[in-house]
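**Q** Produce the complete structure using the sequences and hints provided.
If you're matching them up, the sequences are chains X and S in order. So for the first sequence, the working numbering puts the first residue at 1153; every next one is plus one. So for the second sequence, the working numbering puts the first residue at 1153; every next one is plus one.
Treat the hints with caution; some may be incorrect.
Note: identical chains are not told apart, hence a pair may lie in one copy or across any two.
[Unchecked claim] Pairs of lysine-lysine residues, derived as DSBU-like cross-links and limited to a Cα-Cα distance of at most 30 angstroms, are as follows:
no., residue 1, residue 2
1, 1470, 1440
2, 1414, 1448
3, 1448, 1203
4, 1199, 1441
Since the hints were made in silico from the structure, they are not lab data. Since this is a predicted model, take the numbers as computed values, not measurements.
Protein chains: 2
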Amino acid sequence: MTFSKNISLEEIIQGVEEGKFRLLSRAISLVENGLPESETLLDQIYKNTGKSYRIGITGPPGAGKSTIVSRLVKWFRKSDQKVGVIAVDPTSPFSGGAVLGDRIRMTELMMDEGTFIRSMATRGSLGGLSKTAQEVADLMAAAGIETIIFETVGVGQGELDVAQASDTTVVVLVPESGDSIQAMKAGLMEIADIFVINKSDRDGAEKMKIELEMMLQLRLPKDGWSPPILKCIAQDNMGIDALFEHINMHEEHLKKGGILQKKRSQRLFDRIQEMIRLDLENKFWSQKKTDYLNNKMDDILHRRITPQQIISELQSLKD
Amino acid sequence: MTFSKNISLEEIIQGVEEGKFRLLSRAISLVENGLPESETLLDQIYKNTGKSYRIGITGPPGAGKSTIVSRLVKWFRKSDQKVGVIAVDPTSPFSGGAVLGDRIRMTELMMDEGTFIRSMATRGSLGGLSKTAQEVADLMAAAGIETIIFETVGVGQGELDVAQASDTTVVVLVPESGDSIQAMKAGLMEIADIFVINKSDRDGAEKMKIELEMMLQLRLPKDGWSPPILKCIAQDNMGIDALFEHINMHEEHLKKGGILQKKRSQRLFDRIQEMIRLDLENKFWSQKKTDYLNNKMDDILHRRITPQQIISELQSLKD
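**A** Structure, rendered in structure tokens:
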């Protein structure tokens, strides 16, 4: 099997396993585009995907997630770990929509040989955002990347799913009116392992911290862990050291109690269910069934037949 | 079949068809909770679901969508139409997270007999947010509600799906730096039939309008319609009349060219595909298969077997 510039799938797999970022890029494109080779690829590299630690950074737009990510990457790089960033946030500077200061920081990161950055489109990704993001993370892991950071915007369901694909989830908020309440309503309270109040030199930071503490008291600690609430000013590189430490503490905590295994097992379970779902759909929708439905659309639209009736007919149709 | 307080499914269906909002509420709860009766319910009322016009109001958090919705409702009420609001936005005042001024406006709306408001949880909704939102809209339509407004926050995939379930989609932005670019990246440019720049007394409103116009020039008009860009200050009830007019103009436009039928046909097609998907999954996951996968999780987790291999085994398993 050959690709443009005569690179075979075998070469791509070998390249990924040897940690060659240029071939890792190729591999990721195969997966993102849902090409048939991607299944073989993911199957082959699966044995090497267990060693990375995955961190989700999520929160509302404008909370400064990308700045935190870029600062955090440097901390991981100090201990010479390879770091991967997967930006699943359409408003992220990593995805291209940057103001100048951000762009300079991004460029710095991109010049670093131990850092691999990839942004993902949130629309039209084949087979679901969460599935693809996890597959991209697997490829990074197989290429020897030890720390993988997902940057996601914490509003939609898809984004929350990606955050839940992480071992440690950091929720970033800013001290603005109602932000903490919105976080709660958007389901961010339940998924946070660590809270960060960014731009904490602004008015209301301490008030927000107290609000969050009160909300957290109302819920039981998850797996024996109470989410710390950290303040930082990512722009000025303040408080990132504490965030780095708490991520490491959370990792230790998860590893001690066997919780990490349990979490990852649940994640794999969900992934397999999703793969099955996609396969079931592909098999069901033969050309004949698609044509049949298309021909009936007018009857459904004019209420001569109900969707439920059409579904029964499709199900009894022989291909 | 009986429910608490001795209300049968038949009574609920009859109540919906007679436009009784109390029974409509009951019906919506059945659907939201995914109870088995909901299929019969939706099948029975389907014949009466074709007459409502559906409007999506979407945009980033904080753009003032709820204020616009509450103002807009009054315009529709002037012509004595019944109006339904479905808030699929976790940060919406309609969902409970309101500041005082908002809450007063909401209460006013809720006291109006011709207005029916329902907020939907965005997390954990059975069978997908978009599917449920459309079913709720169908119930409203069957109860004689002529205008249905979806309020969604325009960031996640699920929210965009709901917006695409509308006949007319209004994208609300505020004149803040980068908002228009973010809208483009989040896919809002493609789905907008009408743009509203809210809080247009703020700096940058005119600049934003020009930016949007330039972006729109780069794309082909969709079905012969070029999205107008309206300015408003919803708080002060300014510009809502023009928005109301443009929504009506867009409806006229869609009806003239048969475009409305085409759009609705596509929407029904997508819905039927989703119903099929849910059914396929329900049928596949027997207790035996679920148990089988559970027992293999340890092997998958420790990379002794790949997800692809387990999937093959599940597929050949006889129930």
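**Q** Hint by hint, which ones does the structure fall short of?
**A** none
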